[in-house]
Amino acid sequence: MPPERHVLLVRHGETDWNAAGRLQGQTDVPLNANGRAQALALAVRLRAEGVRAIGSSDLSRARGTAELVGGALGLEVALVDEDLRERGYGAWEGLTRGECAARDPDAWARHLADPRTPPPGGETTEALLARVVPAIHRAAERLATPALVVTHGGVMRAFLSAVLDGGPAGGAVAPPVVPNGGVWRVRLAGGRVIGAAALDPDR
121 MPPERHVLLV RHGETDWNAA GRLQGQTDVP LNANGRAQAL ALAVRLRAEG
171 VRAIGSSDLS RARGTAELVG GALGLEVALV DEDLRERGYG AWEGLTRGEC
221 AARDPDAWAR HLADPRTPPP GGETTEALLA RVVPAIHRAA ERLATPALVV
271 THGGVMRAFL SAVLDGGPAG GAVAPPVVPN GGVWRVRLAG GRVIGAAALD
321 PDR
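Sequential numbering from 121 applies to the sequence shown in the working numbering.
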């Protein structure tokens with residue numbers, strides 16, 4: 121039986137755009153003061169997990185979270201992968217949901233009816249998963265286990281929905297809401313996901 125590997129998937133700490141309800145996508149928005157505090161609090165929560173290695177998206181809000189956690193745990197960020205970036209939200213990046221609805225009501229309504237529908241100029245769920253799933257498997261193979269991988273809310277929602285649904289694009293299972301600093305434990309073996317659960321389901 122292939123060895124089991126564990127990845128703790130983490131959503132980065134808060135940014136000013138998170139606080140304002142703006143879609144960030146691949147726009148590089150740094151952590152705010154609250155986000156930095158969340159990262160340090162995350163390190164305290166994770167001490168008991170025995171994290172041995174850290175990976176991250178290349179966007180500064182994720183990498184900043186990873187570096188703060190790593191500094192507190194005595195670990196360097198060993199892997200940075202742009203394929204762990206947030207979903208591209210195209211023309212909607214920088215807008216609130218209300219602004220998206222006002223600017224492009226038809227596209228917004230389609231997206232609400234089926235979140236797999238891409239934003240104008242944005243990334244489809246299928247394209248997102250095509251880069252994210254291999255990136256998470258790469259991190260699991262390259263990093264010592266258990267590994268911490270800091271990524272983004274849209275990435276985690278799409279990936280976990282697909283895992284929980286058992287299909288390549290998800291959709292039948294409502295994507296889980298992952299707060300800033302939220303953690304899911306993903307268990308992998310033999311090139312496939314064999315389990316996923318929130319580390320702190322009450323958050």
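No lab work stands behind these hints: they were computed from the structure.
This structure is a prediction, so every number in the text was calculated from the model and none was measured.
Just so you know, even glycine gets a beta-carbon here, dropped at the ideal spot from N, CA and C.
Some hints here could point you the wrong way.
[Said to hold, decoys possible] With beta-carbon atoms standing in for the labels, derived distance ranges: (1) Thr-147 / Thr-237: 32 to 40 angstroms; (2) Arg-172 / Pro-254: 15 to 23 angstroms; (3) Ala-229 / Ile-314: 36 to 44 angstroms; (4) Leu-319 / Arg-258: 18 to 26 angstroms; (5) Asp-226 / Ala-250: 25 to 33 angstroms; (6) Ala-211 / Ile-314: 21 to 29 angstroms; (7) Pro-296 / Arg-258: 17 to 25 angstroms; (8) Glu-202 / Ala-168: 28 to 36 angstroms; (9) Leu-319 / Glu-261: 29 to 37 angstroms; (10) Glu-169 / Ala-247: 42 to 50 angstroms; (11) Arg-305 / Arg-223: 34 to 42 angstroms; (12) Arg-223 / Arg-262: 22 to 30 angstroms; (13) Pro-225 / Ala-140: 17 to 25 angstroms; (14) Arg-223 / Asn-154: 23 to 31 angstroms.
Tested hints:
Between Thr-147 and Thr-237, the C-beta spacing of about 21 angstroms breaks the proposed range 32 to 40 angstroms. Distance hint check for Arg-172 and Pro-254: the Cβ-Cβ separation is about 22 angstroms, which falls inside the suggested range of 15 to 23 angstroms. Between Ala-229 and Ile-314 the Cβ separation comes to about 37 angstroms, which falls inside the hinted range of 36 to 44 angstroms. For the hinted restraint 18 to 26 angstroms between Leu-319 and Arg-258, the CB-CB distance of approximately 22 angstroms keeps it satisfied.
Against the hinted window of 25 to 33 angstroms, the Cβ-Cβ separation of Asp-226 and Ala-250 comes to about 26 angstroms, which satisfies the hint. The supplied range of 21 to 29 angstroms is broken by Ala-211 and Ile-314, whose beta-carbon atoms lie about 38 angstroms from each other. Checking the proposed 17 to 25 angstroms range against Pro-296 and Arg-258 shows it holds: the Cβ atoms sit about 23 angstroms from each other. Roughly 31 angstroms separates the CB atoms of Glu-202 and Ala-168, a value that falls within the hinted 28 to 36 angstroms.
Remark: the range hint 29 to 37 angstroms for Leu-319 to Glu-261 is contradicted by a beta-carbon distance near 21 angstroms. Taking the beta carbon of each, Glu-169 and Ala-247 are about 32 angstroms apart, not inside 42 to 50 angstroms as hinted. At roughly 38 angstroms, the beta-carbon separation of Arg-305 and Arg-223 lies within the given 34 to 42 angstroms, and the hint holds. For the pair Arg-223 and Arg-262, the supplied restraint of 22 to 30 angstroms is violated, since their beta-carbon distance comes to about 41 angstroms.
Taking the beta carbon of each, Pro-225 and Ala-140 are about 21 angstroms apart, inside 17 to 25 angstroms as hinted. Between Arg-223 and Asn-154 the Cβ separation comes to about 28 angstroms, which falls inside the hinted range of 23 to 31 angstroms.
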